[in-house]
Amino acid sequence: MTVPARRPSAVDDARKDDSQRRQKEMIARHFDRLAAVPETGERCAYTFVPGNLTELLLSFDILPVLPEINALQSAMRGKSAEYIAVAERLGHSEDVCTYVKSDIGMLRSGNIGPTGQRLPKPDVLLLSYTGCFTFMKWFELLREEYACPVVMLHVPYQADGRITDAMRQYVVAQLREKVIPALERATGRAYDEDRLKEHLTRSAQAEDDLVWVLQSAKNVPSPIDAYFGAVYYLGPIFSSFRGTEDAVTYYRMLRDEISERVRLGKGPVTPDGDAGEERFRVVVEGPPNWTSFRQLWKMFSDEGAVAVASTYAKVGGVYDTGFRHDPSRPLESLAEYCLGCYTNLSLPTRIDLLSRYISEYRADGFLINSIKSCNSFSAGQLHILREVEARSAKPGGFFESDLVDPRYFSAANIKNRLESYFQMLGQKRAGGAR
Amino acid sequence: VSGAADAAGIPERLAALVARADRLYRDDRLTAVRAWKERTGGLAVGFLPIYVPRELLHAQGVLPVGLMGGREDLEIIKGDAYYQSYICHIPRSTVELGLNGSYACLDGILFPAICDVIRNLSGMWQTLFPGVLVRYLDLPQEFTPGLGGLFYRHELEQLSRDLQARGATPLDPEALRRSLALYNEDRRLVRELYALRRVEPWKVPTHELYVVLRASLVLSVEESSAMLREYLELAGADATRRPLDQARVLLTGSFCEQPPLGLIKTLERAGCYIVDDDFVQVHRFLRSDIPTDGDPLGNLVTAFLTDAVASPTRYIGEAVKGQELVRRVEESGAEGVLFCAPSFCDPALLDQPMTVTAVERAGVPWTAFKYSENSGQFQVIREQAGTFADSIKLWSAR
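Listed in order, the protein sequences are those of chains X and U. Reading the first sequence from the start, the letters are residues 1 to 434 in my numbering. Reading the second sequence from the start, the letters are residues 1 to 398 in my numbering.
Any given hint could turn out to be false.
[Said to hold, decoys possible] Derived lysine-lysine pairs resembling DSSO-like cross-links, with alpha carbons at most 27 Å apart:
id, chain 1, residue 1, chain 2, residue 2
1, X, K415, X, K428
2, X, K178, U, K78
3, X, K121, U, K321
4, X, K394, U, K78
5, X, K16, X, K428
Treat the hints as calculated values from the structure; they're not laboratory data.
Only chain X is shown next, with the shape it has when bound in the complex:
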């Protein structure tokens, strides 16, 4: 979700846009602060991306640590296989979420984070139980490792495709009566709603620019890749920076850069530089594979395939359907944010969203990357495939991989699937042109 946080080299920097350089600096600074916690005494909370309460944490000067991000960073650095093996030797099943096992393995191996620095122990485990059952078990497991309080925020599921008053009130009441008092106890500071509102104001500004960037993919050619490339764009807002001045500046900078690409008629930046001709526009459902991220991206870009929209870009918040954090309703707004994350949406809503993306982004088809160890995303995806094909009349493709377990990335199989799929799209187009 964020750029791999190794220190930038001069060669790397020469190829990067200003926004990328800025993001790297932001992340490096954040991990420096985390590494310095034993000396500075700053507080930190471990929490999850979907349903994260970053603004609230920041209003208490709490530093967020996101175990999913650490896990995916471990995969991008080639460490996850070793960490998963550690967890499996401890008795964790081969059947369950590999984010969890990578995190447990990392913890048992010294808790060295993405920058090579040791991560601090949490002062609080903030369990935002949003859209993924495994989150709950994950923090029960972490609770066994740390002597710190756990605060649970149960976010109801949007089973009927809407947020009811009862759901909103339930989440707000938990924030008011459970989460905020727990954060007050952890920090010794009183809740400051004015500070929270300031952060929420900045969140909304950054969200406006992020949505503009994501929707820039409606242009032909698309100036961005909204699946692989989007991972880099989403880093700050999905992780520790939503609600900060840094995030506002970053997204304004990014918007300006993408705006310039649109003006010049350029396609997205790929691992090999500027993309060539845009041959296929696809919508992608499911998280990326992190162990072979660039290899998978290259399988798309070699075929001239550009992801113009993705659902993964919405796991940390679905902003493009209108939601913005609202400082005039701070807790209600946080509640609606949590309730609205992508994996908290019902299958029919996910089907609607994908069908809409295909139409609005003028996609040639859609692809599902089905992740072995993520039931929240994967259970039901074959049904989604059928339904979206039927509604959109566009062909769907399906391939399988995993989040961070390299044993489940079969490059030859995936490449074969993708090549066949794109070949079929090409033939369909050629047939339609006759």
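Chain X is fixed; fit chain U onto it per the hints.
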């Protein structure tokens, strides 16, 4: 156990009862449910594992029907096309039975919030079967009365309104009190059966108890209680059943997708007396009676908040993980634990490292294996369970 059962013919009567239960357990077409509907004109609403408040449905004249997926002899033709190889089996058989018309007699299905697979299955059902009531029952993971309790009450009130909109009678507090009492009795009978099995496991073989509990899922609570009562009397009175030199084990992890009956028989034949388990857990999800006085809906809510078992599907905030399992080992007199979870079951398998730690800390021997509801080969499990039982009998100090 009352002494009402006649000594003569007890084994035969027991065999007939179990045979009837076995037929109900294997009847995918839900013939008993169809007959109930014809007889009463009421609605029948299915529910997936583990727990739904059946009392609420009953009070509105609705028959709650427990759906627990398929068995080893159910051929999955369409269901597999909806799921990748790394998803558990219960949603496949559930879709299969939905698509082949087995559940056509159901006016709705409730999907309790226990995991992402069952959750997402609720959305599939909405699109596959648009004509029926589909309710995702969002059970709270916050157990404070004013927070999770209030939310849960809203959920139940909404469910009640949805049932009424489909033709069920409006929820009446007096009717709900009567339903609470009936289900209290049903649960009490199940508790007594479990207590009898703890004391004399040879009298209540688990493969038999299991089909009786499964059969009760498709019967009205009145019929269920009658069957449980008769089974309790007959099993308790059957003097032909003699003890064997078996190891007493507690089996855990099988609370959702159920093992094939052959697996349970295999474990027993391998030398295990199962003296506690997680099978068909709706019967024991609440530990004790729900008060019938005062606000009955409030009592139903409070029971869920404060009296439910420490299921892996419930967030354990303050208590020590595995504490309840160790307590169950002690109460049941189990000499070992079988961690017996379905493949790809997130709640069971993510929980297991924590509960294994608790069991090890308590010095209780354990072993672990996985299954699918359609597993057909048990030789490896038989050897594993047999070795485990032998090791308990030979060397365990417990």
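Structure-based check of each hint:
Taken as a hint, the X:K415 and X:K428 pair is honoured in the structure, with Cα atoms around 20 Å apart against an allowance of 27 Å. Only pairs whose Cα atoms come within 27 Å are accepted, and X:K178 paired with U:K78 is rejected, the gap being roughly 46 Å. With a C-alpha separation of about 21 Å, the suggested pair X:K121 and U:K321 falls inside the 27 Å cut-off, and the hint holds. Under the criterion of a C-alpha separation no larger than 27 Å, the hint pairing X:K394 with U:K78 is consistent with the structure, at around 23 Å.
The straight-line distance between the Cα atoms of X:K16 and X:K428 is roughly 37 Å, outside the 27 Å bound, and the hint therefore fails.
In summary, the structure is inconsistent with hints 2, 5 from the numbered list given earlier, while agreeing with the others.
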